[in-house]
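Engineer: Protein chains in written order, with my numbering: chain W, 403 to 667; chain Y, 98 to 398.
Be a bit skeptical, because a hint or two may be false.
Taking lysine-lysine pairs in the PhoX-like style, the calculated list, with each CA pair at most 20 Å apart, reads [said to hold, decoys possible]:
id, chain 1, residue 1, chain 2, residue 2
1, Y, K190, W, K504
2, W, K504, Y, K365
3, Y, K225, W, K504
4, Y, K277, Y, K227
5, Y, K317, Y, K277
Stretch-level coverage of chain W by chain Y, calculated; a stretch enters the list once three of its residues show a Cβ under 8 Å from a Cβ in chain Y [as the list claims (entries may be wrong)]:
id, region
6, 486–492
7, 497–507
8, 513–527
9, 562–573
Ranges between beta-carbon positions, derived for each pair [stated by the list, open to error]:
id, chain 1, residue 1, chain 2, residue 2, range
10, Y, G114, W, Q609, 29 to 35 Å
11, Y, K190, W, K529, 55 to 61 Å
12, Y, R154, W, A638, 52 to 58 Å
13, W, Q609, Y, R154, 45 to 51 Å
14, Y, D260, W, K529, 45 to 51 Å
15, Y, F203, W, P453, 33 to 39 Å
16, W, P436, Y, S230, 27 to 33 Å
17, Y, H223, W, P436, 25 to 31 Å
If you are wondering where the hints come from, they were derived from the structure by calculation, not from laboratory data.
Even glycine gets a Cβ: it sits at the ideal position worked out from N, Cα and C.
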Amino acid sequence: MNLLVRALLDRRLSLGIYCLGAAAYSIMIIAIWPSMSDDLATLEQLWENYPEGLKAAFGAGVSITTIDGFLTLEYFALMWVIIVAPFAIAVTTGAIAGEIEKGTMELLLSQPLPRRVIALTRLAYLKIGLALIIAATMLPILIGVPLIDEQASFSGILALSLQGYLLFLAIGGIGFLFSSLASDRGRAVFLAVGVLIFSYALDLLSQFSDIVENFHFLSLFNYYDPYRYLSSADIAWGDLAVLLAIAVATDLAATAIFQRRDIAV
Amino acid sequence: MTDNATIVCEDLTKFYGDTRGIEGLNLTIGRGEIFGFLGPNCAGKTTTIRQLMGMLRPTRGSASILGLDSWRDAVEIKLRVGNIPGGVRLYGKLRVGEHLDYIDRFRPGAAPLRPELIERFGLDVHKKVKSLSSGNIQKVAIVLAVMHDPEILILDEPTSGLDPLMQQEFYSLLEELRQKGRTIFLSSHILSEVERVCDRVGIVRDGALVDTQSIEDLKKKKLRHMDVLFRERVDAAEFEALPMVTKVEASNNRMRITVQGDVAALVKQLARHDVEDLTFTQPSLEDFFLGFYGEEVDLDQ
Numbered sequence: 403m404n405l406l407v408r409a410l411l412d413r414r415l416s417l418g419i420y421c422l423g424a425a426a427y428s429i430m431i432i433a434i435w436p437s438m439s440d441d442l443a444t445l446e447q448l449w450e451n452y453p454e455g456l457k458a459a460f461g462a463g464v465s466i467t468t469i470d471g472f473l474t475l476e477y478f479a480l481m482w483v484i485i486v487a488p489f490a491i492a493v494t495t496g497a498i499a500g501e502i503e504k505g506t507m508e509l510l511l512s513q514p515l516p517r518r519v520i521a522l523t524r525l526a527y528l529k530i531g532l533a534l535i536i537a538a539t540m541l542p543i544l545i546g547v548p549l550i551d552e553q554a555s556f557s558g559i560l561a562l563s564l565q566g567y568l569l570f571l572a573i574g575g576i577g578f579l580f581s582s583l584a585s586d587r588g589r590a591v592f593l594a595v596g597v598l599i600f601s602y603a604l605d606l607l608s609q610f611s612d613i614v615e616n617f618h619f620l621s622l623f624n625y626y627d628p629y630r631y632l633s634s635a636d637i638a639w640g641d642l643a644v645l646l647a648i649a650v651a652t653d654l655a656a657t658a659i660f661q662r663r664d665i666a667v
Numbered sequence: 098m099t100d101n102a103t104i105v106c107e108d109l110t111k112f113y114g115d116t117r118g119i120e121g122l123n124l125t126i127g128r129g130e131i132f133g134f135l136g137p138n139c140a141g142k143t144t145t146i147r148q149l150m151g152m153l154r155p156t157r158g159s160a161s162i163l164g165l166d167s168w169r170d171a172v173e174i175k176l177r178v179g180n181i182p183g184g185v186r187l188y189g190k191l192r193v194g195e196h197l198d199y200i201d202r203f204r205p206g207a208a209p210l211r212p213e214l215i216e217r218f219g220l221d222v223h224k225k226v227k228s229l230s231s232g233n234i235q236k237v238a239i240v241l242a243v244m245h246d247p248e249i250l251i252l253d254e255p256t257s258g259l260d261p262l263m264q265q266e267f268y269s270l271l272e273e274l275r276q277k278g279r280t281i282f283l284s285s286h287i288l289s290e291v292e293r294v295c296d297r298v299g300i301v302r303d304g305a306l307v308d309t310q311s312i313e314d315l316k317k318k319k320l321r322h323m324d325v326l327f328r329e330r331v332d333a334a335e336f337e338a339l340p341m342v343t344k345v346e347a348s349n350n351r352m353r354i355t356v357q358g359d360v361a362a363l364v365k366q367l368a369r370h371d372v373e374d375l376t377f378t379q380p381s382l383e384d385f386f387l388g389f390y391g392e393e394v395d396l397d398q
């Protein structure tokens, strides 16, 4: 508990900035919508004129002329991931590799603390932090959308929140796994970001190539479909199960590795 | 193993890949003993301490404290052991007081020695840790390790960075802890420090324990130089005849006498002459290793 409170206190500023950033972006997107939707025809034309590649990058089959589509394309398909994933990676890579690199892990392990508890506390902080950032993202949308005379599906936003939460837990889990293996944070960050870029590239290329499409299941973003959730609240339980499984498996593996490894810079 | 064995290493061995950290270490430290682990840098001192503290898993053999295995029972051990890691690093964002609070909460009950130690080492609890000098960081590390009054202290180069005044304060703290029956294992590369505070010393070099000696024996074996200036010319032979004298170099009225062991007979012999000046120097660790191993040791490796 002491560890968790300390983590929350130490990082209250950076966590606050992430929450503010996510909320500010939500507010901005909602504020832009009324001026965009005034001229739907032009917007649609503009969208149709985008190169196929660009459209695919933001999500195939999404209509920009609805608020759900607009939110998806302008925020949840990419920007949201770019804002929140660094938090998950920063927290988890700092948790083990970062503390070993700084040398503070030795002080921490001089205390009567099981390594398992240290690992679980770091993960607990990740879970709390992500929940707060997602709440900060979604609350302005829930409140803001009715204010601009649009309709937001409460269940859709809830479903997307759940899916996003699991996606970021999986990303955090991957960061944590590399953190448990490395003795310097840079290497763990490099590998975790590498997995994200690989996932994104696979997601993008599989729109164009049937051969790549066969390997789409290897991409994290294969299991993330914000438009579907926002527009219909139709939950793909299989996708959620995969993300949850990745998060749990990486967390367990990282904890087991951390319990067995040598702590030496 | 003796009944009061507190720290026991049996064939303790750690390799980092092909690099030897420490090999085949056998060591038993009794309750209430202050044991010095003396050796140059890279000799294996920190590797040994990290294994005792459960940070490294032995490649072979085992380390145990109070009958508990250092790796398996690490948590239970740490409830009873205070540790200063080598080249300790603290959480820079915290203030000194917050840092003490943070570490304090990992153990049940308040730390009984905390106020006294803060006072003794003159710590400013309001300062940010990252603004502290290395000496002050070391003082915080001492307080962190000792404030719970643990049964055992494991200290890796504990006086590193401390100014001489604070070193003396630390030595008297160790003396008080000894009188309370605490067991202390400390590593050092400073011979005078080990001589001053320890009961027994293990000499380690190149990843192996070379010898274990009581401080008394160490002092007896240690070569020291006595430089004497006489008012008249004195025959070197009368000093060479003394059993504790290993070598005499004389020029004019000056004499350098190399001594090993008890000097009582030598002092009596000197008193027969008119001595103008006399200096008796402590050997450096380099001299000591030279005497011990008969070869140069690069201590700055």
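Engineer: None of the hints should be skipped; say for each whether it holds.
Structural biologist: Here is what the structure says about each hint:
Pair hint K190 (chain Y) plus K504 (chain W) holds up; C-alpha atoms about 13 Å apart against a cutoff of 20 Å. About 58 Å separates the Cα atoms of K504 (chain W) and K365 (chain Y), which puts this hinted pair outside 20 Å; it is violated. The suggested pairing of K225 (chain Y) with K504 (chain W) holds, with an alpha-carbon distance near 17 Å, which does not exceed 20 Å. A hinted pair counts as satisfied when its Cα atoms are at most 20 Å apart, and K277 (chain Y) with K227 (chain Y) does not qualify at roughly 34 Å.
Of the pairs offered as hints, the one joining K317 (chain Y) and K277 (chain Y) is violated, with about 28 Å between alpha carbons and a cut-off of 20 Å exceeded. Counting residues of the region 486–492 of chain W whose CB lies closer than 8 Å to any CB of chain Y gives 0, so the stated coverage by that chain is violated, three being the minimum. Here the region 497–507 of chain W counts 3 residues with a CB under 8 Å from a CB of chain Y, which clears the bar of 3, and the coverage holds. For a cut-off of 8 Å, the count of residues in the region 513–527 of chain W with a CB near a CB of chain Y stands at 4, and the three-residue condition holds.
Given as covered by chain Y, the region 562–573 of chain W fails the check, having 0 residues with a CB less than 8 Å from a CB of that chain where 3 are the minimum. The beta-carbon spacing between G114 (chain Y) and Q609 (chain W), approximately 45 Å, falls outside the hinted interval of 29 to 35 Å. Hint check: K190 (chain Y) to K529 (chain W), Cβ distance near 23 Å, so the stated range 55 to 61 Å is violated. Evaluation of the 52 to 58 Å hint for R154 (chain Y) and A638 (chain W) yields a failure: the beta carbon distance comes to about 43 Å.
Roughly 48 Å separates the CB atoms of Q609 (chain W) and R154 (chain Y), a value that falls within the hinted 45 to 51 Å. Separation of D260 (chain Y) from K529 (chain W) is about 46 Å and conforms to the stated range, judged on CB atoms against 45 to 51 Å. Roughly 57 Å separates the CB atoms of F203 (chain Y) and P453 (chain W), a value that falls outside the hinted 33 to 39 Å. Hint check: P436 (chain W) to S230 (chain Y), Cβ distance near 59 Å, so the stated range 27 to 33 Å is violated.
Distance hint check for H223 (chain Y) and P436 (chain W): the Cβ-Cβ separation is about 52 Å, which falls outside the suggested range of 25 to 31 Å.
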